[in-house]
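Asker: Chains as they are written, first to last, in our numbering: chain A, 374 to 918; chain B, 1241 to 1793.
These aren't lab readings, by the way, just hints derived from the structure by calculation. Hints may be right or wrong, so weigh each one.
As the list claims (entries may be wrong) - 20 Å max Cα-Cα, derived SDA-like pairs, lysine to any residue: (1) A:Lys458 / A:Ile469; (2) B:Lys1791 / A:Arg409; (3) B:Lys1275 / A:Arg409.
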Amino acid sequence: MSTVPKEMIEVIAQSIGIANLSPDVALALAPDVEYRLREIMQEAIKCMRHSKRTVLTADDVDGALSLRNVEPIYGFASGDPLRFKRAVGHKDLFYIDDRDMDLKEVIEAPLSKAPLDIAVVAHWLAIEGVQPAIPENAPLEAIVAPSESKRSEHGKEDALPVDIKLPVKHVLSRELQMYFDKITELTLSRSESVLFKEALVSLATDPGLHPLVPYFSYFIADEVARSLNELPVLFALMRVIRSLLRNPHIHIEPYLHQLMPSMITCLVAKKLGHRIADNHWELRDFSANLVSTVCRRFGHVYHNLQSRLTKTLIHAFLDPSKALTQHYGAIQGLSALGPGVVRLLILPNLETYMQLLEPEMQLDKQKNEMKRKEAWRVYGSLLCAAGKCLYDRLKLFPGLLSPSTRSLRRIKGRVATNMPNKRKSSTSLLSQQPPLKKLATDASMGSITPISLTANMQGATDVFPSQSSNSGIIQSSSSGQISKDTLSGAIRRDKGGAQPQKSSAVLSQAWKEDLDAGHLLTSLFELFGEGIFSFTQPAEMSFFL
Amino acid sequence: MPSMKQMTIFFVTSSVVGSCNLKYSYDLLLQYLQKTQSLAMLGVINEHINFEVLPGQPSTISDDAEVVALVGNSQDLAKQINQKEVHWGLLEDSVEERLERALSDSEKAEVENKEVELEDTKKRSTEGGKQGASVKKLKKDKLVGAMGKNVRSETSMVSMAPRVKPELTLPMMPIEVEHSILDDLRNRVQLSSLALPSVSFYTFLNTHNGLNCSSISQDGSFVAGGFSDSSLKVWDMSKIGQPAKICSCDDRKSTSGCCFYGGNKLVACRTNSQGENGPTQSDHLQGSDEGKRPYTLFQGHAGPVYSSTFSPLGDFLLSSSSDSTIRLWSNKLKANLVCYKGHNYPVWDVQFSPVGHYFASASHDRTARIWSMERIQPLRIMAGHLSDVDCVQWHVNSNYIATGSSDKTVRLWDVQSGECVRIFIGHRSMVLSLAMSPDGRYMASGDEDGTIMMWDLSTGRCVSPLMGHNSCVWTLAFSCEGTLLASGSADCTVKLWDVTSSTKALKMEDNKASCTNRLRLLKALPTKATPVYSLRFSRRNLLFAAGALSKLS
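Here chain A stands alone, though its shape is the one from the complex (with noise of 0.2 Å):
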């Protein structure tokens, strides 16, 4: 009974200009005043029921007042529903948001177009209870057969080998017409845009697209080759072929020999914009990302799309005479193809490449800053591509590096009586440190202090002389290993001397299925210093601290 307060009937008799308006006047005005007001809204509630609506605007209100034999309150013509603004520091306190326009201007302004009139269009929502995936239905589901009914297709190719195709006029409407051409203008000049961005979920989901597609993928070709120097217009291209990759109506298939290569100069291009601040770098992940999405999703139907795509890639990455943002691109692609192209194709020539990496790298040799950035991206690429793969590979085994109780058995109590002798070696293997640590490189993220890994690492050589003996069973020996091999990894370091051949043949041997973990971890902490160990597992990380 309180929502309108004998305040605000005061307040209004004030600004009517009844100055002295009793109390009692208002105690007895204000609940009637808020029947008056709860009786016309419900009115307006039922206008708003008949004209089959759900959001009750103005009309609604003037036709209940006219239901009351009320004169309607005048300035509120227009159709649309009111905007509203909360007032700044009331919590329940709305005004319409009138903006004040200069009548001038008004006058002035050139008269709008007339607006459409009404039209009836039908189409069919239902045929047979199933509703066809035509533009003016909503998108249902994805069309999801289209294989299956592709294949039936072919099997009756197969029996009609004569296959006369006629020529067929394409036509296109020219509501279509006008979609390519927006979506072009947009991708274009306005990629920054909330309408892109609009246009872009348009395209993912809009079931009436395919007769565009081949316009697509010709202007897509098209562009990226002319704009390579323009990097945004580079970025909106293929955040169009990610968008049509997206869309489960189009059948795009047909298309990709037209779209690969767009893709792949995204990825692997020497110069990528015009600008040195241009972030290519983003522009490339992004590209490798749709290639390697190309491959999981096409990779079963076109067989040789894959290869052909590592042909390249790898034939970038091995050329020394291309430029370190190409390899970086390589190295992108190839990484985001998953965990087993980098065993097959990268870790082998892991060795050699760091070898010609490294001098890029350091200040001292390389003094051109930009190439020293280059080369700590590649860098950075290269770290993450083989940290992913070893990730993989400790996920494969998850016994691998964890101590299992079984290994510990086999060893028969040995590791009971070496306990102390472990700890005893750790603690005196501290002073062992300094120069374990010299060699992390500064490139660090682990979390992991190089302290308790190096001593860990040390202690555990204690125990494997008494391992090497069933060293046949690779997950009692792994840990074994890794002891032995990060030892004579240390001890090359220490002497300054090389053992290189070691480390390079576990790369080498790295595409065997059955490759132990433990010679990968070692042999990539040999190259990467402990940064390699952020894409080990915590659990895993259990077994060296």
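Put chain B on the given structure of chain A with help from the hints.
Answerer: Frame of chain A; chain B shown alone:
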């Protein structure tokens, strides 16, 4: 009042607004009593009524028969009214009946033939039961046979309904119209939960929130829209695909023509496969229509048009408006014929009777009225609702009308006597739409909250609530043989419900498990941001729907 027990009134509302309103009403009552010093009444209220408003989701509808308090009628009165006799049967000697009779002989023979065949196959299968495949095939055959029988039994269920004599003098039906109806009936597609209808959707574009109502003629060839700018516009859908001057388009013309005229499922499908983008092409042509409107504009009302209805033959059109008049328009002459004045307030709804000639209207003045086309005064005034009468629907036998109201009840009225013969209590908000089953026994009503209720006219009880829509149910339609119910809502979907399951469960009244008599939602067909304003099954069971495309939010 010694007989009055302690009564607790619980109001459970899902909305904050609802609970506020209830509290406000209660406060208003107490205030009034205090002001008028009616202490006796206050005493009674204080002693016996415990008023509580509980926020939260309302419980299921079936388990509170005590919603009377919301309605304002005493339960006894409602019971008393509901004990009156209702002759819900179909009209004697209808066209359908004549057709059934004609068909029944040939059909019987057919069924017998089938049975004989079945027996044969059974024998064969027992003889050579080694081959699994053949047995399977036979089973399939049997299934099909059984289905066929089922369908037949359902149709005969409609024909099994009792027959009643018409209480109104019925208009004569021209012989050629009768022939076309018979033709439609013969070509009717049998719908069931396994055979869903095709739905043709008419979308109104560029309405700018101005479309208040739409209606579709029986064969779907005309669509009318009532607008808030007082105009009524009628589109001839059979001509909409026709280009004005461009020749060599006979092909498209004929296909779209037979689609909209025929209303036959098979024709419809063929059209679709042939000219997939027929509709999209047509609206191009409309735009280049050399300044001529693609529709017929009916002007005459002085306020928003709230409802329109086509006569059964499609030659007349009625519209009701906020200016409290109803106007009759001729679809052939494209002119206003009569203006019916009688209501004092906006007329929310108008409906032609199934036989034509008569029509019923519902108004804000809390009455429903029966009119005939030839008189400008109403024939009957149905008064009794406690708030606006929002919708009206004729019973199939034209002897009754049903009205839905803002007082949350549906009433059934005898057209001849003008008496209220049933009160249906159970809705929790304003009733917006009504539909009568073709066998005359059931009625469906939809409300503001999205609940649809099936009522048994003979008992006056709710068969089952249909939950599924989450916004206003603007329109309801039964398929021609009464197996499906279609509902259109503000939530931009058309939903199809299986009606047979519920009615059958009701027939076996001994197993009253509540889960069995819940109607089944067969299919929800979402539209693209288009609330569904009206639905109509053609005589051949093609479903037409119409709605205005609203802005994508």
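Asker: Each of the hints needs a verdict: does it hold here or not?
Answerer: A quick look at each hint next to the structure:
1. Distance restraint check for Lys458 of chain A and Ile469 of chain A: the Cα-Cα separation of roughly 6 Å lies within the 20 Å cut-off, and the hinted pair is therefore satisfied.
2. For the hint linking Lys1791 of chain B to Arg409 of chain A, the alpha-carbon distance of about 33 Å lies beyond 20 Å, and the restraint is violated.
3. Distance restraint check for Lys1275 of chain B and Arg409 of chain A: the Cα-Cα separation of roughly 18 Å lies within the 20 Å cut-off, and the hinted pair is therefore satisfied.
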